[in-house]
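Participant: Sequence:
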Amino acid sequence: MATTSNRLGVDIGGTFTDVVLESDGQSFSTKVLTTYAAPENAIIDGMHQVCAKAGIDPSQIDQIIHGTTLATNALIERRGAKTALITTEGFRDVIEMRTESRFEQYDLNLNLPDPLLPRQMRFTVGGRVDANGAVLIDIDRAEVEAVVDQIAKGGFESVAVGLIHSYLNPAHEELVREVLTEKLPDVAVSISSEVSPQMREYERFNTVVANAYIKPLMASYLGRLEDRLKAEGVACRIFLMHSGGGIISIQNAADFPVRLVESGPAGGAVFAAHIAARYGLDKVLSFDMGGTTAKICLIKNQTPKTSRVFEVARTYRFKKGSGMPISIPVIDMVEIGAGGGSLAHVDAMRQIRVGPESAGSEPGPACYGRDGTRPAVTDADLVLGKLDPENFAGGSIKLHPEASKSALSNHVGNTLDMDAVEAAFGLAEVVDENMANAARVHAVENGEDLSDYTMIAFGGAAPLHAGRLCEKLGVERLLVPEGAGVGSAIGFLRAPFSFEANRSVYMKLSDFDGDRIKSLLTDLKAEATGFVRTCDEVSPILSEFKVYMRYSGQGWEIPIELTEEQAMNPDVATFEARFIEDYSKLFGRPVEGMDIEITVWSVNATTPPEKVARMDETDGARAAVAIGARQLFDAASGQFLQSNIVNRFDMIEGQRAAGPAAVVEDETTIIVPASRDAIRQPDGCIDIVLKGSAQ
314 MATTSNRLGV
324 DIGGTFTDVV
334 LESDGQSFST
344 KVLTTYAAPE
354 NAIIDGMHQV
364 CAKAGIDPSQ
374 IDQIIHGTTL
384 ATNALIERRG
394 AKTALITTEG
404 FRDVIEMRTE
414 SRFEQYDLNL
424 NLPDPLLPRQ
434 MRFTVGGRVD
444 ANGAVLIDID
454 RAEVEAVVDQ
464 IAKGGFESVA
474 VGLIHSYLNP
484 AHEELVREVL
494 TEKLPDVAVS
504 ISSEVSPQMR
514 EYERFNTVVA
524 NAYIKPLMAS
534 YLGRLEDRLK
544 AEGVACRIFL
554 MHSGGGIISI
564 QNAADFPVRL
574 VESGPAGGAV
584 FAAHIAARYG
594 LDKVLSFDMG
604 GTTAKICLIK
614 NQTPKTSRVF
624 EVARTYRFKK
634 GSGMPISIPV
644 IDMVEIGAGG
654 GSLAHVDAMR
664 QIRVGPESAG
674 SEPGPACYGR
684 DGTRPAVTDA
694 DLVLGKLDPE
704 NFAGGSIKLH
714 PEASKSALSN
724 HVGNTLDMDA
734 VEAAFGLAEV
744 VDENMANAAR
754 VHAVENGEDL
764 SDYTMIAFGG
774 AAPLHAGRLC
784 EKLGVERLLV
794 PEGAGVGSAI
804 GFLRAPFSFE
814 ANRSVYMKLS
824 DFDGDRIKSL
834 LTDLKAEATG
844 FVRTCDEVSP
854 ILSEFKVYMR
864 YSGQGWEIPI
874 ELTEEQAMNP
884 DVATFEARFI
894 EDYSKLFGRP
904 VEGMDIEITV
914 WSVNATTPPE
924 KVARMDETDG
934 ARAAVAIGAR
944 QLFDAASGQF
954 LQSNIVNRFD
964 MIEGQRAAGP
974 AAVVEDETTI
984 IVPASRDAIR
994 QPDGCIDIVL
1004 KGSAQ
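Residues in the sequence shown are numbered from 314 upward in steps of one, following the numbering used here.
Hints listed in this document are in silico derivations from the structure and should not be mistaken for laboratory results.
This one's a predicted model, so the numbers in the text were calculated from it and none came from an experiment.
In silico DMTMM-like links for lysine to aspartate or glutamate, alpha-carbon gap of 25 Å or less:
1) Lys-821 x Asp-884
2) Lys-613 x Asp-762
3) Lys-596 x Asp-762
4) Lys-785 x Glu-761
Put together the whole structure using the sequences plus the hints.
Facilitator: Here is the structure:
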């Protein structure tokens, strides 16, 4: 990646927009409330604040890297463009029938989520391609034109095209796009053979529909952002973080906005991986908690775990299968509706429930004083002493404790015969247990024991809850890096330019064709490299090869990484050995006597990652100087304890703050439980360890 002197990272979240400026080795950051009607306004405001801190003019910014939840929110809230789907005859209802699996098999009143497009917005055409890519029935251009005429009458803004087996032979989809472009030049078009050229029609069709659904919205937003920045004198290039953990150009982002769906959380995972490399940690649990959601990701060998399918907008207690599957490369993480703005209520069983509904930034939690009346997690944190009402967000937002107590009593305490403090304790324990349970399930699904892991916490709300989460999970060590409150935005500035190209081509090892494999992987490498070159014309590009394999008859495959030598000189024995090795690690033993098959081929082109030097750590032998004290509720003992207040930036390398304590800074507060101590490491990380231990 080319070196620049002034780089801006921007993360639009559900409550706050985080802005970080790195200028000649120094970092300047701020948090501003997200402006929903025009998100670019918050970016401009935050940009001016950090430029003022750095003493530079916005015109001196050399590069902007941006991540956003706008695409995700548009899908969740169903506020995208008026979209049509053109698909093959007989497959009109695929996105409604789903896979017919029941994500809650004992619920007799189970309601499947509605498809993104109702039936009257789905159109069919003839023509048929078989599972090998051969044309069985030619597509009729006149029939396509007639369907496009129908779409023209409907006033659609965007069209998705998803035809059966088009991932093997895109000719029919390309013809449909040609007709659409000729007849409806102002309508956005997305075709599945470019958006997600993978097998499994439900996931592929849903992905291309999602891309089409948000394409006009994101194109409009990105265009407005470019114009606003130019008006402010900022003429540098803008790049977008994608869900796979890399950076793409603004044009690629506008063409494939579905790849931005998890861009913010992906930046956080990159940030955590960077910290893990600095400390030489091979097993890390990243914990990112903002205003709306909490995200948990496993990072092994300083690399976040990745996947090629994930779900957006889960509707049923965050159960797998209850959301919209998106089939794109993505950093694999579990996400739950637990953020500082998540609202609490008491259900019919007299149990406290938290989220997924969020107060966001408008009106925000009750304590914001913006006419919010329902209690949020931030209200509970304030009542429990975790937050200073006079110094929230660096003093830019004054909090109102009495409003929090009133909201907690009215919506939780009065129903359950609790006072405001007890209601706040119950709310906090519920949200912490929800996050702990999500982490446990994610670890079990990946065959991992979290007691071997170190947690890295970031996001505005994570340091408030991470210590208690470690107690619940049995995690002994917690790192809260400098800039934790804006961790995802910092992660954007650490990410490489990258793009992953993948394609489904079914092949059994018994029919192994080395020449075909080499040709396929060479084409994918060229495709992925071409995307990276639109961002960076000079840096060297590394290629990472992956194939997805399974035993014949199995429903899902596992990813198998290959070296470039193995990929470019394919050998059946090597492929089989690599599959058996990884399969045995996951499931304990291989299956004898069964053929093995490959379903998806993938090449990720990336610029080299930033080199990270291993840091020498300190044991924290000296006591930190407190700037005050206050009563802080300790969840493990269930009582308020007198706790020291320590300014993070007054702590000197090697100083230790004994828990219970609060380590304060402008963007967040680190709560140190009574069971732990906090050590200031040389790089500014606050290292929270079991009381009395040394690193």
